[in-house]
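From first to last, the protein sequence lines stand for chains A and B.
1 is the number of the first residue of the first sequence in our numbering; add one for each residue after it.
296 is the number of the first residue of the second sequence in our numbering; add one for each residue after it.
The hints are simulated quantities; they were obtained by calculation from the structure and are not laboratory data.
Cβ atoms here follow ideal geometry from the backbone N, Cα and C, with glycine treated the same way.
One or more hints might be untrue.
[What the hints assert, rightly or not] Beta-carbon label-pair distances, calculated as ranges:
| id | chain 1 | residue 1 | chain 2 | residue 2 | range |
| --- | --- | --- | --- | --- | --- |
| 1 | B | Tyr473 | A | Gly219 | 45 to 53 Å |
| 2 | A | Ser193 | B | Tyr496 | 35 to 43 Å |
| 3 | A | Ser193 | B | Gly587 | 37 to 45 Å |
| 4 | B | Tyr496 | A | Leu263 | 53 to 61 Å |
| 5 | A | Pro65 | B | Tyr585 | 46 to 54 Å |
| 6 | B | Gln454 | A | His194 | 49 to 57 Å |
| 7 | A | His194 | B | Leu332 | 57 to 65 Å |
| 8 | A | Ser126 | B | Ala461 | 49 to 57 Å |
[To be verified] Partner residues are not named here, just some residues of chain A that face chain B (Cβ under 7 Å, in silico):
| id | residue |
| --- | --- |
| 9 | Arg92 |
| 10 | Pro98 |
| 11 | Tyr100 |
| 12 | Val103 |
| 13 | Met104 |
| 14 | Ile106 |
| 15 | Ala107 |
| 16 | Phe110 |
| 17 | Val111 |
| 18 | Asp114 |
| 19 | Val273 |
| 20 | Phe276 |
| 21 | Ala277 |
| 22 | Pro287 |
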Amino acid sequence: MEWMARVAVQLLSGISIGVILFLVASGLSLIFGVSRVINFAHGALYMVGAYLAYSVMSQAPGSGPYFWLALLLAPLGVALLGLVVEVAFLRRIYRAEPLYQLVMTIAIAFVIGDMVRTVWGAENRSVTRPDFLTGAVSILGQPFPVYNLLVLGLAPVVLVGLWWVFYRTRWGMLVRAATWDRDMVGALGVNTSHLYTTVFLFGAWLGGLGGALVAPLQGLAPGMDTSVLLLAFVAVVIGGLGSFFGTLLAAVLLGVAQGLAVLNPLLRRFDIVIPFALMALVLIARPQGLFGQKE
Amino acid sequence: MARLAALRKEVAGWRVPVVGVSALTAGGWAAFLAISLIFPYLAPVFWVLFAIDLFTLALFALSLNLLLGYGGMVSFGHAAYYAMGAYAAAILVKRADVAMPLALAAAPFFAAAGAAVLGAFAVRLSGIAFAMLTLAFSQVVYAVVFKWTGFTGGDDGIQGVWPIKALAAPPVSNNYYYLTLGVVLLCTLLLYLLVNSPFGYTLRAIRENPRRAEMAGVNVRLHQWVAFVIAGFFAGVSGALFVFFQGSVNPDYTGIFRNADPLIAALLGGVHHFLGPALGALVYKVIFFYVGREFPFLFHLVVGAVLVVVVLLFPSGILGFVQERRWRSLVPKRKPAAAPIAAGKGQPASPLDRG
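Extracted from the complex, chain A is given alone in its bound form (with noise of 0.2 Å):
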């Protein structure tokens, strides 16, 4: 019974862990699929996020409400700066091949990554948890963090927003429309650069959401942006590139296989090999990833 208990709490904190995660793959994952550009700065906004909720709590550390109005502001903070970026450079970039898009992401991502550096120190930092999310609960005689139970809660109302942005209103259907063809929406007669604006800033936005619920979750650290990018990466490219179930699916998977290779020895000394071995594999067998749409 304990093992089957120690399963399901691994197995829950894995999903919560994925939620985030797909937080940031989602963001990701939109913006290639309106403009073909793939983000690597999405890890550096991620951090921005995360790095802003940390200066709104830690001005009243353990209180509710500045829990909440963080979640608020930090990834509002991140989707003006993804409008910056958008607005300054990426979008003179959109027609190039795609060894300057790659190069164009990672001078930003370089960029973004020092002033976080400059502005809040090279220091690893924990976040104090809200009073009201701190300790544990008990599962099947097992504790699980408080903060976890939140991130499962707000999954759910997540997933309904987002399913709402993109089949319920006509923003999100013009995004449907140009992962498709954005040719075509061109030509349709829709201002297609307006809508690339918008759509990395949405998707700015949902990084920053990620970054500022990680924070009192794990803590930060400079090189943050990075791993997370990766594993947005390696949940994007096996979902299907443009897809968001299959994101949604993949980023669930991915925490749930980091939550679950904590329990046995072989698989927690490889637990870092899993993510990228899985990529590669759907790469050689299925380029367009398990949900996309072939070139």
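Fit chain B to the known structure of chain A by using the hints.
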């Protein structure tokens, strides 16, 4: 075996190309050779070490550019083969007691073998998917060397990988400088002959239009694979040279920043010029040195800002910019060659997508 022989026949020939050398080029090389030969006697030890570091990066970037500039294959995981060369050299010396010169000579073949296996999968893809898969492979290599503690030393890597006494680096002697200079120059010459041989021209044809090359009877994937293996081999040479210079190897040899280094150098110098990546390596290293000394925490910010400027204003790199300028002043009436950034690949820029 018969199939292998048949495949061998499909690869475009390798013959020493007829390359015209202008007096200016010959003079330039003679001057470079003369200066680099007496350099250790003029410069302080620090700059000799700097030069060794620079030569290895230049070779690393030149090897990547065989794929990037000549093959049109954007590899974001080239450091995997650099690391394979480095780890092979370190492991041969420390774990198998192989003599250092032999390890240095053998290491690139391990890198080429790794590139042969991974490249067979990678060349099935193109464009962004190719970049992603090469990145994934380099991360798999990273994870393997990180976790296989017993063999690769894990996170700490392998320390104390030094050259033999006769080849020691400064300040002990200048021999490692001359070794690096000689090996890098030899590899550069080989790469130069390669890109100007029928094989190199076939590779360029594939870059320009893979489908048309296929129609003309070229086995596209086979050529891309051979180029991938050769590029991996020379990256391995660079990695092995660097490990004996650094004295240690660790998983960062295939980390994300090491993957970006040769890409940045190649882009800075210009991917459509043979020596562009080498010049880019020099500029990159000089920036690295001065910015790293003055503002150690802003290094990536400065590199990032430089790259943004290069991508937006000088997409054809330093050499491309210089050439376009010279060309324009000679032929003022004609429009300058369209920068690749504005043209997009194979499709006219659509006015619909202009803001």
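Hints versus structure:
no.: 1; hint: Tyr473/B to Gly219/A: 45 to 53 Å; result: holds, 49 Å
no.: 2; hint: Ser193/A to Tyr496/B: 35 to 43 Å; result: holds, 40 Å
no.: 3; hint: Ser193/A to Gly587/B: 37 to 45 Å; result: holds, 39 Å
no.: 4; hint: Tyr496/B to Leu263/A: 53 to 61 Å; result: holds, 56 Å
no.: 5; hint: Pro65/A to Tyr585/B: 46 to 54 Å; result: holds, 48 Å
no.: 6; hint: Gln454/B to His194/A: 49 to 57 Å; result: holds, 55 Å
no.: 7; hint: His194/A to Leu332/B: 57 to 65 Å; result: holds, 60 Å
no.: 8; hint: Ser126/A to Ala461/B: 49 to 57 Å; result: holds, 52 Å
no.: 9; hint: Arg92; result: holds, 6 Å
no.: 10; hint: Pro98; result: holds, 5 Å
no.: 11; hint: Tyr100; result: holds, 5 Å
no.: 12; hint: Val103; result: holds, 6 Å
no.: 13; hint: Met104; result: holds, 5 Å
no.: 14; hint: Ile106; result: holds, 6 Å
no.: 15; hint: Ala107; result: holds, 4 Å
no.: 16; hint: Phe110; result: holds, 3 Å
no.: 17; hint: Val111; result: holds, 4 Å
no.: 18; hint: Asp114; result: holds, 4 Å
no.: 19; hint: Val273; result: holds, 4 Å
no.: 20; hint: Phe276; result: holds, 4 Å
no.: 21; hint: Ala277; result: holds, 6 Å
no.: 22; hint: Pro287; result: holds, 5 Å
Every hint from the earlier list agrees with this structure, and none is contradicted.
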